[in-house]
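> Going down the list, the sequences are from chains A and B.
Mapping of the first sequence onto UniProt numbering: residues 1 to 312, in sequence order.
Mapping of the second sequence onto UniProt numbering: residues 1 to 310, in sequence order.
Calculated from the structure, these hints are not laboratory results.
Note that beta-carbon positions come from the ideal geometry of N, C-alpha and C, so glycine has one too.
Accuracy of the hints is not assured; some may be wrong.
[Stated by the list, open to error] Derived BS3-like pairs (lysine-lysine); straight-line CA-CA distance at most 27 Å:
| no. | chain 1 | residue 1 | chain 2 | residue 2 |
| --- | --- | --- | --- | --- |
| 1 | A | Lys126 | A | Lys211 |
| 2 | B | Lys306 | A | Lys25 |
| 3 | A | Lys126 | B | Lys306 |
| 4 | A | Lys302 | B | Lys306 |
| 5 | A | Lys302 | B | Lys114 |
| 6 | B | Lys144 | A | Lys53 |
| 7 | A | Lys25 | B | Lys109 |
| 8 | A | Lys302 | A | Lys71 |
| 9 | B | Lys108 | A | Lys302 |
| 10 | B | Lys190 | B | Lys109 |
| 11 | B | Lys108 | B | Lys190 |
| 12 | B | Lys20 | A | Lys211 |
| 13 | B | Lys190 | A | Lys25 |
| 14 | A | Lys302 | A | Lys211 |
| 15 | B | Lys114 | B | Lys190 |
| 16 | A | Lys248 | A | Lys65 |
| 17 | A | Lys65 | A | Lys53 |
[To be verified] Some chain B residues flagged as far from chain A (calculated, every beta-carbon gap over 12 Å):
| no. | residue |
| --- | --- |
| 18 | Phe61 |
| 19 | His178 |
| 20 | Ala182 |
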Amino acid sequence: MAVNKALKSEFSSPQSVRRRIRDAKEFLIRSILFLCATSSVLITFGVVWTLLKEAWPFFQEVSLKNFFFDKEWTPLFENPQYGILNLISGTFLTTLIALSVAIPLGTITAVFLSEYASSRVREFLKPVLELLAAVPTVVYGYFALLFVTPLLQVIFPSLSSFNALSAGLVMGVMIIPYVSSLSEDAMRAVPVYLREGSLALGASNLQTSFKVIVPSAFSGIASAYVLGISRALGETMVVAIAAGLQPKISLNPFESTQTLTAYIVQVSQGDLPHGSIGYKTIYVAGVVLLCFTLIFNMIGQKVRSHMEKKYK
Amino acid sequence: MSSLDKVSVINVNQQVARLKRQDALFWIVGLMTLLFALVTLTSLIVDMAISGWPRITQSFFFSFPSRFPERAGIYSAWVGSLCVVLVTAMMAIPLGVASGVYLEEYSKKNFWTKIIEINILNLAGIPSITYGLMALGFFVYYMKLGQTIITAGMTLGLLILPIIIVTTREAIRTVPSHIREASYSLGATKWQTVWNHILPYSSGGILTGVVIALSRAIGETAPLITVGALTFIAFLPTSPISAEPPFVSGQWLHDPYTVMPIQMFNWVSRPQEEFHVNAAAAGLVLLTMTLLLNGAAIFIRYRFRKKYKW
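All chains should be built: construct the whole structure from the sequences, respecting the hints.
Next comes the structure, spelled out in structure tokens:
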């Protein structure tokens with residue numbers, strides 16, 4: 001009876017009914033938000049699972065030995081060969097060219113913005129520089145094919161009209177802001193007293209930048225480099241438009257080449273029946289690409305967490 | 001002063017002069033580097049404007065693609081882009097903001113939260129074409145959604161989700177904790193605090209992130225090629241509003257489509273030079289859109305920073 005009475009009074013009191021409704025509402029909202037946050041994990045699983053599932057049948061037909069050691073990558077020909085190294089070689093060639101532009105220029109830009117430029121100049125130039133990363137990649141592809149390649153052909157007449165060089169160079173310019181922005185953040189996170197200490201000992205601005213600031217911020221800078229690498233590995237439209245469609249194991253930047261991503265674009269432009277060999281091979285290329293980028297992402301995160309520990 | 005001291009003073013002076021020269025030199029090198037990047041950007045815009053400008057006429061915006069370059073236009077492309085981005089926004093904004101709010105305001109520092117955080121960083125690093133492959137396997141063939149606007153919109157939605165989550169979290173983090181404490185001390189619940197205070201105060205930052213993410217989605221090409229955007233579409237999606245009941249229709253979600261970047265890619269990859277002019281014109285339109293959106297984002301950030309001072 002007593003319990004009943006207590007319950008009754010609890011329920012009849014409008015305030016506590018309101019409280020219960022409110023608590024239920026809070027719980028509901030919390031659960032919905034949690035589900036949203038969790039969905040990103042599901043997306044990752046979705047990506048990995050789909051790629052592996054669709055690529056799996058390929059390896060039941062093609063042995064790993066052929067996959068790694070065939071001389072050519074011609075999966076759609078009469079006598080198909082599946083030498084993935086041809087595509088990997090193209091991917092790494094363009095990435096290498098892009099990095100040899102983006103890393104030096106990005107680092108110098110970052111040092112300049114962080115240590116030399118006044119705060120007003122920096123506030124203006126940083127967003128402008130970030131526009132480089134905002135330009136759609138298909139526009140960069142157009143630029144590489146119809147502006148940079150003809151320009152380079154004036155200097156190197158032997159340059160073929162589709163080549164790894166101009167694709168890589170343009171990709172490099174596109175990646176500069178990724179490198180410079182993160183590096184600059186890392187450099188500005190270096191405590192001011194290190195800077196002041198070095199300058200007080202009579203070091204010049206340049207010496208301070210490269211002997212104190214850059215080494216102290218190096219893990220942050222390195223993670224910017226890693227981000228640049230994974231951008232370059234996964235970049236698609238520039239290489240699909242300007243680098244050509246000929247997969248081959250070669251380090252000659254003047255020739256046409258093909259990357260993993262460009263291969264995927266080339267094949268998926270045609271009509272792709274589910275389960276055909278073309279369909280399977282684009283997933284295989286996708287899995288290889290995903291492996292590379294995941295490895296580089298993980299290295300990047302390791303390096304970054306190392307930096308965060310250092311300055312806490 | 002002994003003669004030895006004199007020598008060392010001269011040496012020091014020389015040394016200082018040398019260092020100053022190096023400093024000045026690096027200043028010039030840094031400026032040149034920055035200028036190089038900016039000159040590249042400018043020459044890209046100017047080159048495209050010079051080749052494309054003559055094609056920017058009203059009929060270019062309202063013609064369908066054609067085999068004859070001078071008759072081809074971008075009507076189906078920009079309408080398609082608009083529809084796809086609409087689906088993308090409807091999917092990515094609520095999901096992204098909700099995730100950001102959960103991670104910043106609700107989650108405790110535990111294993112699961114850490115997994116989610118690492119995972120979001122990883123997602124942001126996955127190449128966009130991988131999302132396209134996933135969408136082809138999952139949306140097109142597994143869920144049987146076909147090569148339609150809804151597939152494209154969802155694909156791009158997943159792609160920009162990490163950007164929205166990360167910027168939402170950063171925006172929320174700038175709201176000082178005394179705002180929360182004041183709200184709680186007046187008896188507000190968590191959600192009331194979030195809805196009435198945290199979200200309004202961080203809306204500038206969130207909006208900036210959303211605009212940047214959408215401009216990325218507009219320019220994205222590769223994932224849509226894999227899910228089979230068509231390049232030659234001479235009709236528009238079904239109108240969402242009709243004169244007969246039930247007046248609104250979702251049929252447009254299931255229509256085939258093409259988007260601006262794909263139209264441009266198609267024109268660039270043709271050998272005839274006349275089509276390259278069209279590509280430049282389409283590129284100019286695309287570039288104008290992304291630069292305008294990015295300008296808007298910078299403006300929003302600036303406006304809101306002025307509005308709230310803590």
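> Of the hints stated earlier, which fail here?
The structure breaks hints 2, 4 and 8; every other hint is satisfied.
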